[in-house]
Structure formats: C-alpha cells, structure tokens
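> Each chain, letter by letter, is given below.
There are 2 protein chains.
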Amino acid sequence: MENKRGIPIPTIKRFPSYLRLLNVFKEEGREMASATMLAEELNLKPIQVRKDISFTGIEGKPKVGFEVDKLINAIISVLGWDNATDAIIIGAGHLGSALARYEGFGSYGLRIVAAFDTAEEKWGTNVGDVPIHPFDHLHRWYIEENHVNIAVLTVPADEAQHVADQLVALGIMAIWNFAPKDIKVPSRVVLQRTDLATSFAVLSAKVKRVMESREFNEEDDSW
Amino acid sequence: MENKRGIPIPTIKRFPSYLRLLNVFKEEGREMASATMLAEELNLKPIQVRKDISFTGIEGKPKVGFEVDKLINAIISVLGWDNATDAIIIGAGHLGSALARYEGFGSYGLRIVAAFDTAEEKWGTNVGDVPIHPFDHLHRWYIEENHVNIAVLTVPADEAQHVADQLVALGIMAIWNFAPKDIKVPSRVVLQRTDLATSFAVLSAKVKRVMESREFNEEDDSW
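In order, the protein sequence lines correspond to chains A and B. Residue numbers for the first sequence follow my numbering, so the first one is 15 and each next one is one higher. Residue numbers for the second sequence follow my numbering, so the first one is 15 and each next one is one higher.
Don't read these hints as lab results, they were simulated from the structure. Glycine included, each C-beta is placed from N, C-alpha and C at the ideal position. Just to be clear, a hint being listed does not mean it is correct.
[Claimed, not checked] Which residues of chain A face chain B? A few of them, derived with a C-beta cut under 10 Å, are:
#1 34
#2 60
#3 86
#4 113
#5 114
#6 122
#7 123
#8 125
#9 140
#10 142
#11 185
#12 187
#13 204
#14 207
#15 225
#16 226
Isolated chain A, as found in the complex (with noise of 0.2 Å):
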C-alpha cells in the first residue's frame, strides 16, 4: 500500500478533503489549523491526520498548530497539482463529454487538451472548450508535442483493451480508466481506475443491510 516515496496511498486519497478544508478555512481568513480541527471536520482520528500531516513534510507548532498557507502549499507539491498536466478524453460519450466539461480538473493541475472519437459525427465539433477529433488522428507525435501524460479512457467495455494496448504503443504515460472493464498495461505505465460498479458495490451492499434490518424489526412489531 505505500508507493516508492514512502506516501500511503491512504494518506493520498485523504489528501484533497484536506486541501479543500484548508482553502475553506483560509477564504475565512484563518491562518492555523491544528490537526484536531481537521480531524472533527472530516471525520478522521487526530493522529491519524498529524500522521498524514507529516508526510508532507510541514511541522506544527504546540497549541496552534499547522500554517494554513504553507499546509495547503505543501499537499498541492506532493500530489503534483502544481504543474497543469495536459490529458486527452479517448470517447467521447456521454461521460467523456461530461469529464469534459467538468470545471472541477482546473484546482487539480488537470487540463483536457482535446478530445478523440472514432464516431465520425463528432469530428471537428466541441464538448465545452474541448475540440474532438478523429481517434485516428490520435499519433505519438501529438501526444509528444503537445505533453500529453494522461489519456482518459471512456469508451465503452469491449472496447478499453484494445484502445488502452493503441494509447501504450503511442507512448502514454498514465492511462486514468473509466470504461467498467479492467484493463492490463505494462508496468511502466500509471494506471488509475474510476469504476462506478466498485463504489456503487460498497453503497448497494450497505442499503441492502439497512433494508433487511428494517424488514427484521418489522416481523418484531408482529409478534
């Protein structure tokens, strides 16, 4: 669970509730935070946040805690939000052209160059400011020239092997997977998956406890 920097992935995936608390408290002006306010806001152990806290390297003070400033700076370096990364939208259906347009990439340092479609139709038009172009176009030159890292993978399941085994011959470096199939890339790739099934899992399988609690103590009241 620990990538080669010593940071747990854990720690990373907290990471941005703690830079969007911190932004909060420093547009109400307040210049410290001490872990146990994060903590209660968030819903998290004290000490789990000052360890998660220390991997960025940022010391606290006794009593006052952390500098709002310097913390929000320090989460932002680590996770590499610093430096815009130029990514494409590889289909551009319905959640491509959402992902698209979604305004929220901008604070992480993501920005969507352009889009690629095999859908003829599309050709030549936009999904917000994104132009879509044709997935032939898609050469290592462009991806090369312009810097794109990542390739935003939302085609549809039967297709996101063969597309993810075009974008490793044309040099990708980090393939982000929203089409509901797992993927195979070679290890010098960066593979990240975003799959609606594994967190609707987790939700269903809770609502599916609370239905049967509830029919349980309704049979009670009956007896």
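We have chain A already, so just place chain B on it with the hints.
Using the frame of chain A, we list chain B on its own:
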C-alpha cells in the same frame, strides 16, 4: 474495515470485477472457474480470491473450482444487485446528466427514475429516458410512494451539504455523493462518496513520481 455482516469493504470492492470476469466466462460457455484463473486475470493472489469467494458462501471443488453460474448469483445476491433499487438524481448538470444516461447502472440493479433540478428551463425535459422535475416538487411522499432508496448527489460543492440536509429531512435512505465536497449525514443514512479528486490524487502523485524519475535519468545521462 468490516461491515456488520462480516464482509470486508475491500472484498466488496473486488466483487464487481469478479462478476464482470465471470460473465465473460459464462458467455464463452465455461461452466467452472478456478481461483487461480480469476486471480491471474485480475492480477490478484489466488489466496485472496479464495478468501473473497468464501464470503459468498459458495464452496469450490478441488481441482475444478467454482460453478460459474452459482458464483455469479451468489455475488449478485451479496451485493444486493438482485433487487432493482430505484434512485433519483439531484442536480441535472453535466455529471448528473451523464449518470442519468449511463447504461451500466442497469446491470447493478440501479434504476434512475427521475432527476430533480432547481433550473426552471430544465423542468419538463428529459435526459435520456429520465424526466427532470423541479427540486421543490421532491416531497417525502414522492420518495415513499416510489420506493426511492438512493439519491445521487451531483450538485455544485457549495450546495452539497444544504441539499443533503434536505434529502435527509425527506427520509432518504442513502446518498451517493459525487459533489467535490465532504458532507455529513446522520449515521442512519448510508453515505457513499465517489470523488474524482481522490482518484486523480493517486494518479497524479504516481505521474509526478514517474516524471521526476525521468528527469533524474536525463540528468544522469548528461554526466
């Protein structure tokens, strides 16, 4: 990390991947699947797969493995995907509309029955097959009469908590939060967050590391 029924969350998160793969096996006409086969396809360890499957109550046979059909049904049942769950979308913006049109939900037993939005120009229109209603028309009786269990929250970050409070007051059982904001709900309400920032944080931290190691290697070459 364990829910009350004793199935660990990481196991629940892996179930959708098993399910997708088992359905491929089924289409290919395979009747049996071994833990080793599943593990190899999904880059897991066989012992992990065996442990996960043990939570479904399905037992494998030595040398031959598990019955594909039985295992599919058992996983679907554990996840609660055998009963269609009706859901509403709150906020019919880009992401909300993309989710309303997302065809993958059907296979999870999730049915989006309506979307609600405060923007008057959207009222009475449809996204895909899903009608958009005024948010003010969302009443407790609507949720009860239509057996709506889940609200998919796709409103802007600064409205998320306020809207969630209203949904809780209306008696919603579960909230699936896509807004880039950590919200608080009473413990009786099931809360699941799908946060693009969290997923991107992991990807981007990995990309940063790859880029730094490449820069390091380039510097190396110039010695």
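> Give a verdict on every hint.
Do the hints match the structure? See the list:
1. For the restraint placing residue 34 of chain A at the interface with chain B, the shortest Cβ-Cβ distance is roughly 7 Å, inside the 10 Å limit, so the hint holds.
2. Below 10 Å, beta-carbon pairs count as interface contacts, and residue 60 of chain A has none with chain B, the closest being about 17 Å; its hint is therefore violated.
3. Hint status for residue 86 of chain A relative to chain B: violated, with the closest Cβ pair at about 14 Å, above 10 Å.
4. For residue 113 of chain A, the interface hint holds, since its Cβ comes within 10 Å of a Cβ in chain B; the closest pair sits about 8 Å apart.
5. With its C-beta approaching chain B no nearer than about 9 Å, residue 114 of chain A sits inside the 10 Å limit, and its interface hint holds.
6. Of the supplied interface hints, the one on residue 122 of chain A holds, with its beta-carbon coming within about 5 Å of a beta-carbon of chain B, less than 10 Å.
7. Hint status for residue 123 of chain A relative to chain B: holds, with the closest Cβ pair at about 7 Å, below 10 Å.
8. A least Cβ separation of about 12 Å between residue 125 of chain A and chain B goes past the 10 Å threshold, and the interface hint is therefore violated.
9. For the restraint placing residue 140 of chain A at the interface with chain B, the shortest Cβ-Cβ distance is roughly 14 Å, beyond the 10 Å limit, so the hint is violated.
10. For residue 142 of chain A, the interface hint holds, since its Cβ comes within 10 Å of a Cβ in chain B; the closest pair sits about 8 Å apart.
11. Among the interface hints, the one on residue 185 of chain A is violated; its C-beta lies about 12 Å from the nearest C-beta in chain B, farther than the 10 Å criterion.
12. For residue 187 of chain A, the suggested interface contact is upheld, since its CB lies about 6 Å from the closest CB of chain B, less than 10 Å.
13. Interface restraint check for residue 204 of chain A: the shortest CB-CB distance to chain B comes to about 4 Å, inside 10 Å, so the restraint holds.
14. Taking 10 Å as the C-beta contact cut-off toward chain B, the hint placing residue 207 of chain A at the interface holds, the least distance being around 8 Å.
15. Annotation: interface hint on residue 225 of chain A holds; nearest CB of chain B at approximately 7 Å, less than 10 Å.
16. Annotation: residue 226 of chain A was flagged as interfacial toward chain B, and the flag holds, the nearest CB pair being 9 Å apart, inside 10 Å.
Going through the hint list in order, the structure does not satisfy hints 2, 3, 8, 9, 11.
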